[in-house]
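Participant: Following the hints, put chain S in place on chain L, whose structure we already have.
Chains as they are written, first to last, in my numbering: chain L, 1 to 632; chain S, 1001 to 1584.
No lab work stands behind these hints, which were simulated from the structure alone. Misleading hints may appear alongside valid ones.
Stated by the list, open to error - Now the in silico label distances, taken between C-beta atoms and shown as ranges: (1) L:Asn456 with S:Arg1451: 52 to 62 Å; (2) L:Gly217 with S:Thr1027: 36 to 46 Å; (3) L:Asp547 with S:Lys1318: 48 to 58 Å.
Beta carbons are placed, not taken as given, at the ideal position from N, Cα and C, and that holds for glycine.
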Amino acid sequence: MRPSRRTGIAQPKQVKNKKKTVKRLLGYITKGYKKQLVLVIICIILSSIAGVAGSLFLKTLIDDYITPLLSMENPVFTGLLKAIAIMILIYLVGIVSTYLYNRTMVMVSQGVLKTIRDEMFDKMQSFPIKYFDTNTHGDIMSHYTNDTDTLMQMISQSLPNLMASTVTIVAVFCAMLTISIPLTVFILLFVFLMLKITGKVASKSAKYFANQQATLGKANGFVEEMINGQKVVKVFTYEEEAKEKFNKINEELCENTTKANKYANILMPMLNNLGNLEYVLVAIIGGFIAINWNGLLSVGAIASFLQLTKSFNQPVMQISNQLNSIVMALAGANRIFELMDVKPEEDQGYVTLVNAKKVDGKIQETKERTGMWAWKHPHHDGTLTYEELRGYIELINVDFGYEPDKEVLHDVSLYAKPGQKIAFVGATGAGKTTITNLINRFYDIEDGKIRYDGININKIKKSDLRRSLGIVLQDTNLFTGTIKENIKYGKENATDEEVISAAKLANAHDFIMRLPKGYNTMLTSNGSNLSQGQRQLLSIARAAINDPPVMILDEATSSIDTRTEKIVQEGMDKLMEGRTVFVIAHRLSTVRNAKAIIVLENGRIIERGDHNELIKQKGKYYQLYTGAFELE
Amino acid sequence: MIDMIKTLGKSVREYKRPALVTPMLVTLEVIMEVIIPLLMANLIDKGIYSGQMNEILKIGVALVIASILSLVFGVLSGITASKASAGFAKNLRKDLYYKVQKFSFSNVDKFSTASIVTRLTTDVSNVQMAFQMITRIVVRTPLMLIFSLIMAFSINMKLSLIFLLLIPVVGIALYFIMSRVHPIFERVFKRYDDLNNVVEENVSGIRVVKSYLLEEREKRKFGNISTEIYKDFTKAQKIMALTSPTMQFAIYAAIILISWFGAKIIVSTHMTELTTGEITSLITYGIQILSSLMMLAMILVMSTIARTSAERIVEVLKEEPDIKNPKKPIEKVENGKIEFKNVSFSYVNSKKKECLKNINFIINSGETVGIIGGIGSGKSTLVNLIPRLYDATEGSVEVGGINVKKYDLEVLRNAVSVVLQKNVLFSGTIKENLRWGDKNATDEELEKACRLAQADEFIQKFPNKYDTYIEQGGTNVSGGQRQRLCIARALLKKPKILILDDSTSAVDTKTDSLIRRAFKEEIPNTTKIIIAQRIASVQEADKIIILDNGTINGIGTHEELLKTNDIYREVYESQVKGGTENET
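In isolation and in its complexed conformation, chain L is listed as follows:
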């Protein structure tokens, strides 16, 4: 019973392919839980029958026992005792069945939820980066919380409830038919009326709930923005204006909430009292029949029928009560399935990375770690060749756009020989990060070729390609866990010594030792207890321990002040030694000593060369360097 964030009532039209969603959801429930479901259905039937039997028992009690006993001189209760004994038995079966189906449903619903959660997460890990770039994080996360919550409510409660209600309705209906057909027809008409009213009120309430959610979203947005900018509000003494704006939205929200709840609140009393009205009418009609045509209906029969009327109304109300949660759950399930149906990253690579050693100048595959790696390249004719992993990267006439008609890279060609440092310089949006996104195949190019050690990277298995690349990004993402664990993300089986030496290389060792628990300090919420600069040092250490032949440093030192950077620089230089390195940096001091500096503008390479050459050219780089031009 998680406090669910209210997602509001989904509009019916939102639930596209309702049938398909229901079918798929039921698929999860039936798959692997067939036996349990059979048990549940049997138990629900038994339990409902027991309930109905209870209502019918009253008729038997009055007509068959009390009335005859009343006329006896010396009433004998053995018959009644027997009947009651039978009832006890029926009730016991009912109680046991209820427990069994509830308990079994718990296993089924929790099992299904776990399967769905795990499957979502598994699938999500294989989504292309584009998915994460184009969907808001809050929205993705909401699949695991809000949407899964609605499913839980539905599977564990609404579904058995619905089944039980349906069985009860059928059973009661049959029982009613045995007593009086005309009265039953009358009841049917009434139920139809009740369902109509439910539909009317529910759709009104759905409309206002939608409004409420919309204003709630608006209010959330406002509060979020203002509280995040609270310090600016203080500095500008903007409090009064902020209050005024807030009040306006708050009023609107209040109005919509009132309306939405109003309709939801009045549904129950309406149905309830319609039920009462129905009861009265049945009594009057029944009484009229009993009095005028005594043979048709007995007194006990009317009493029973009235009892049945109540029993009939209850499940009808239950169903209308569950309607909202079912509509919501279907919307949730729909979103969950949409997530699951996202096309995973394509990987048709077949070239893999293996440990290798040189025997007589020829490369051979080995099992043990040799420190030498090779690309294992199977060919069409069935032969295998091995190519030593050196870190030679080539881009040939590469075109690329994140969206089909908006190209961000045009005809980019460049190469980096093993051990060279290549730097990218240019304004935001010039395409620097995009190039690195293409090398590790976070995105796939449209036109042109990228080769790694002479192999088209499309042929390389993605996991092996990425294993051969080390990346340090501007936005450092640390994970919940100790500092040691976070560094070890780069290499799972690293020893403590390796961790420490990587940290030393990144100049992170000193500050780590100053933390209360050193390497075992817990990091929470993306390392919020560290400064941005310290986080960057940790992510450099994480990359260092991985020891990849090719490294990509995307603004890896942007949050480190110039003095610290100078110190880190030594470690960085050591780290970059003998590796192919791509560097993106705002600070030109970071890129000065690169073998080649590539200046990008609007997705095109406009200048390239080393620092001295570019200064001599007196082009864009020269302008940047001398401060005559603005990057941002």
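Facilitator: Just chain S, lined up with the frame of chain L:
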């Protein structure tokens, strides 16, 4: 608990009427609902069994009236309850928001912005639902229980004893179930947070996950938590699965016992003490009594959830803003002179963790002062003390020769304009954003400020110029443009003291120097404090303060410091040699 309710209760205010009317209407509704089964019994006994059609009609009419009354009360209470709860939530949000407006920086830091947002939204919604539940169900359930018991007793004392027997049995069983389940649910909530955390980390860190091939590892991590949740939920709900059979047991037991003893009583007294119709109503009351009991148990569970939220709200409402207006505030800031006398400061109020130690300096009105220092040296902290965004732990900060604590807060902050390191623009047009500095500024004034901040030029290039819409956080303008807009906004306040906290880091050196020149020429009488990473930004200042680990390492002009100060020289050399002055 009572204290908490008292604090929350203050927010009911103008919605007291619907809040009080609701339980009254509910009471009336309950009375009707209790009367109805009684009438129904009468209908069967006096009408149907005795074959009196006019009795049937008479009682039927009474029933219809009772039903209509019940409907009216039910609908009305539904309306008042929604009014009261929505209104209460509105006031609660308002109170929270107003309170937060009074918070000082350290109050905000204490809660963290994310947590304040959650308290203002999700927590209020939870409390709102609980409030609605309390005004309707909490009143309804015990009333239903009591009335039904009274009715049952009025029908037949002896048989009603059966209920008195069953109530404690059910009560104990439910208590047992709930008390077993509650701790498990609490644990599940925490695990849910863990689960969210893993998803969050993976979604935002997906590039790292993919680059380091952490997929399998993260799947395992997620799988483990997911399994824990599965286990806990299954355990809790298995226990919860006992509630329905328990209730059925009680209800069935009631039916059986009433049938047996009822039959005996009817037969032995020949319908004088009990009628067949009354048996039916007794059973109806029995069901009502027992299901009320179950509702009570459910409410207990639900309210624990709301209680956590309520506590979080009360925490904010009870928080005392630690920077308040003095009793007799000074309403005018004479000039832009600043003096720090033995100032020390610590965020957590502990000597050991002082961010500033024994700071002393004087800045004369109209001077330009640069502050240089490494990460965590205390630069931002120092300037935050001037407009009293924080209060010094020790020593005094004076503006215009008077301790800042003596000024009216608004007056002081209007005189001291800070461009924060974490610049924020708000969603709205450029004009709207600029007018934060001065509500009544004319278009000419806006343009003048923007020209000073070197922002006019790029604004003019936008198709909508000053009416260009800025997205939340200013994401649709570049970092350098954002910084210049923030400077313009600060200038519009026409402050006596202008503080730029690393506010030109994304602006290129040329523009940076143009801004500084404009300051010098256009606002010569304003005291200017510039925090910067670049030496070039502070080189021409009247004096430069070097901060190192919360202490002043040196004060002087560029030339003096180059000669005397090691840190300054080191920074200077790293930038000139490394070409970092071209950092953009």
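Participant: Each of the hints needs a verdict: does it hold here or not?
Facilitator: Hints and how they fare:
1. L:Asn456 with S:Arg1451: 52 to 62 Å: Check passed, 54 Å falls within 52 to 62 Å.
2. L:Gly217 with S:Thr1027: 36 to 46 Å: 37 Å, holds
3. L:Asp547 with S:Lys1318: 48 to 58 Å: 54 Å, holds
Consistency note: the structure conflicts with none of the earlier hints.
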